[in-house]
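Enquirer: The primary structure of each chain is shown beneath.
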Amino acid sequence: MHLLKDRGFTHAAPSEITPRAVYDDRRRLLKQLAAGAAGSALAGWAARDALAQTARPNKLAALAATRSAVPGAVTMEKPTPYADVTAYNNYYEFGTDKADPAVNAHTLKTRPWTVTVEGEVKKPGAYDIDALLKLAPMEERLYRLRCVEGWSMVVPWIGYPLAELIKRVEPTGNAKYVQFVTLADKAQMPGLRSSVLEWPYVEGLRMDEAMHPLTLLTFGLYGEVLPNQSGAPVRVVVPWKYGFKSGKSIVKIRFVEKQPKTSWETAAASEYGFYSNVNPKVDHPRWSQATERRIGEDGVFNKKRPTQMFNGYEPQVGQLYAGMDLRKFY
Amino acid sequence: MNKLLLLPATKPLLFALALGPFAWYLSGALADTLGPNPAEALLRGTGDWVLRFLCLTLLVTPLRTLTGWHALARLRRMLGLYAFFYGVVHFLCFAWLDMGFDVAAILKDIPKRPFVLVGTAALLLMLPLAATSFNRAIKALGAKRWQALHRAVYAVVLLGLLHFFWMRSAKNHFGEPMLYAAIVALLLGWRLWRHFRSPAAAVTQARAM
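Protein chains in written order, with this note's numbering: chain A, 1 to 330; chain B, 1 to 209.
Calculated from the structure, these hints are not laboratory results.
The beta-carbon is built from N, C-alpha and C at its ideal position, and this holds for glycine as well.
Be careful, since some hints might not be right.
Over the 12 Å line for every Cβ pair with chain A, so calculated as not near, a few chain B residues [stated by the list, open to error]:
(1) Ala-23
(2) Trp-96
(3) Ala-152
Cβ-to-Cβ under 7 Å is the rule here; a few derived chain A residues that face chain B [stated by the list, open to error]:
(4) Tyr-88
(5) Thr-96
(6) Trp-151
(7) Val-154
(8) Arg-286
(9) Val-300
(10) Lys-303
Let the sequences and hints guide you as you build the complete structure.
Expert: If you want it as structure tokens, here you go:
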């Protein structure tokens, strides 16, 4: 090696440096290898890692997605088995028992399906579900789901940030809140005969919550389209709030100026607040929220696990509530 | 019917039958066949059985009086003890599965949640009844005092109902508690009616029987 001394720094002789043309050629060769026969095995490996992380149950139509790169969007925890995710649901439109929706939701017709966007937006309109499916690239996200009743799951959802849709409909300066309206059709939903809640089911978010990158407009789970009992064909998933905040089978998204009243607030405002952020320190009036039971994982005799602030999403969403009294705004 | 009820096998048979739900839940818990949330299934299931056994216990006297199957009386103690047994199991499910036997957490939790407090009160009220259920206790107390004490079962069942209603509060979802309330209303209403109807009528009826 020919070395030239230069005030303590060692330079390679120009003859030792790989000529640009040769270097470029090598890169090209490597790329070709990766794309070609020699690389196909490795490429497949990479694709598998980037695409379907969770084995498909092969029950419904596939929904392709790439694993999300959004911070906090992919927990390292074990996904709850598909059988439990789809057999233990609170979806009162199909019955109040958690086993009811899986039995009754087959009557839900998910095509044709339109989501109406209205209120304080410059571009209101009716979006066909198939257009919504193509609106933005699908991401797979592994979220914790904490139910207000004290149990939790880990679900591999598929969707894209709700913000993608919100940006396209251009909210006006008056849009402070977003309201989500669930389908209420007696012909398809036997649970509507009961007056357990006021129908249709309505939920809402503050605008900054709705725009947060973790708020997911969701179309699938476990690599496939949503099962009916999980809120097909499109729902919202807000992972740092109790599950009931994430409206299912959405037919209307309304942008409003005043904080909308949710179905659960109408039923019992003292028990279910508008925010309903997961918070181990603020108990439900009738039970503690300090711990939770992970469905399909914690055995019946296991001690319950501690619940995390904002369901473990505090680093991502904590600043949304800076300075707020979370006991008052429960 | 009375002869059937007096058969030596009747009591053991009832004992085994009444143990059935417990055996079913226990085997379900061990074999993990109680669904996605077995702890919840156990907690709710055992609670249901407390109310069912309380109703059965309260059914004995009206049924005996209306049908003349007086031998039913010898089964009442077992039914009542089973109500207490399922109450204890129900409480253990709460203390163990829900609270992980964390005594400090349980003590903090009970007064904070009124429906838990009501349920606990009902169970505690059953304790002296279970403790004085054997023959020697009846003798020691004297029939009158024993009977007065055991009228506490009316309070137990009403507290149990309140516990159930309170658990379901907030949701307009009272179908099941309403059903139990209707049954209890019938059982206790019949007693009230008997108590308040004219003594003369009671005497004539007693003579007629």
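Enquirer: Under 7 Å is the threshold here; is the Cβ of A:Thr-96 close enough to any Cβ of chain B for the hint to stand?
Expert: 5 Å, holds
Enquirer: How about A:Val-300: closest beta carbon in chain B under 7 Å, or not?
Expert: Since chain B brings a Cβ to about 4 Å from A:Val-300, closer than 7 Å, the hint holds.
Enquirer: Beyond 12 Å from every Cβ of chain A: is that where the Cβ of B:Ala-152 lies?
Expert: 26 Å, holds
Enquirer: Going by Cβ atoms only, is A:Val-154 closer than 7 Å to chain B?
Expert: With a minimum Cβ separation of about 13 Å from chain B (threshold 7 Å), the hint on A:Val-154 is violated.
Enquirer: For B:Trp-96, is the shortest beta carbon distance to chain A beyond 12 Å?
Expert: 7 Å, violated
Enquirer: Once the shortest beta carbon distance from A:Lys-303 to chain B is found, is it less than 7 Å?
Expert: 4 Å, holds
Enquirer: Hint A:Tyr-88 vs chain B: min CB-CB distance below 7 Å?
Expert: 4 Å, holds
Enquirer: Just checking, B:Ala-23 versus chain A, shortest CB gap more than 12 Å?
Expert: Check passes; 16 Å lies beyond 12 Å.
Enquirer: Is the interface hint satisfied for A:Arg-286? The criterion is a beta-carbon contact with chain B at less than 7 Å.
Expert: 5 Å, holds
Enquirer: Can you verify the interface hint for A:Trp-151: is its Cβ closer than 7 Å to any Cβ in chain B?
Expert: 6 Å, holds
When the structure is compared with the earlier hints, violations turn up for hints 2 and 7 and for no others.
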